[in-house]
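Enquirer: Using the sequences and the accompanying hints, generate a full structural model.
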Amino acid sequence: MNCIIIDDDETARLIIRQLCNKSKQVNVLEDFSSAISAIKYLNFNEVDLIFLDIYMPSFSGFDFIQTLKSPPKIILTTSDKNFALQAFEYESVIDFLVKPIKEERFNKSLQKVSSVKKIKVTNNTEDSNFMYVNVDKRLVKINIPEVYYVEAKGDYISIKVENKSYLVHSTLKKIEEKLPSSLFIRVHRSFIINITKIIDIEDNSVLIQKGVIPISRSNKSELMKRLNLL
Amino acid sequence: METPNLNYIRELSGGDINFEESILSVLKKEFPKELLIFKENFEQKRFEEVANNIHKFKHKISILGFKKGLDLASDFEKEIKKGNIELYQDFLVILDKIRVYLEKYNPTKV
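Those sequence lines, one after another, are chains A and B.
By our numbering, the letter at position 99 of the first sequence is numbered 1157, and the numbering carries on one by one without gaps.
By our numbering, the letter at position 43 of the second sequence is numbered 85, and the numbering carries on one by one without gaps.
One or more hints might be untrue.
To be verified - Pairwise CB distance ranges, derived in the manner of DEER restraints:
(1) S1216(A) / N60(B): 41 to 49 Å
(2) V1156(A) / E128(B): 23 to 31 Å
(3) S1223(A) / V135(B): 53 to 61 Å
(4) I1200(A) / R52(B): 47 to 55 Å
(5) T45(B) / D1213(A): 49 to 57 Å
(6) I1200(A) / K124(B): 34 to 42 Å
(7) L134(B) / L1241(A): 25 to 33 Å
Don't read these hints as lab results, they were simulated from the structure.
Glycine included, C-beta positions come from ideal geometry on N, C-alpha and C.
Expert: Pasting the structure below:
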């Protein structure tokens, strides 16, 4: 089982790493002192389990969970027992460990994780209309239905909303997974568009706001099927 | 009166000296800085920040074996958010014990 550790306290990260090493059931891929750097990592890497501290400055563990569309299994760690009730509001949260974490309790927690086959993606983010993107080390909230289109630009994507564009270090494939297919469609290898924002279609291009977006031949028939044609 | 100890860290290490030294060296490095920030925030009456500082101390206090000290930290964290500074001196005693202990700690004598 591959995991990452997110905790702003270095001693806590070392302890969880030690517990993982001793258990021999978990392989620690990385550890992070902030949730924001972990989000960046998760844009490009898959993990089975996250050890997540709840109480972190500026961006808490709960804020972090809400940014995940398909969260892996999560074990929350905290020095404050009072968070327990809130913790289990999230389906991806398998267990809740109070620091200082005892080895026996930690191993029980891993057993719990193993017994849970797969997380159903039914937490409260699934139907949410927003997502967070990392722009210049800030997490910016974007209202998904307000996105006009997304364009691939090398190692980045440009997310076009009404008055601005956000340049985000990610891939078109990653964001495609997060966008609802009822609203968005890939029309070109470099473009995903919001169908409701189309102004007109001419030959092999579509006009959205002031942008003319190419439609590849292979994607055109799927687009035409999705339109409410008279 | 509670005093710092390495029982938890040693139990966790299972004889892994590298782990023990890593933890202690992080504590030695981080704790004095955090203590300075905490005192400064307190003097400036930035109580929300002070509460955050106390929260961060809680883990260090607990891994160094302070059980009652941890309860005191939790109470102080709650109270300082309301502006109640009554527990400051008692809390400072705990922090000072940790500071002295870490200053004296010598990895070769573990």
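Enquirer: When the hints from earlier in the document are held up against this structure, which numbers fail?
Expert: 7
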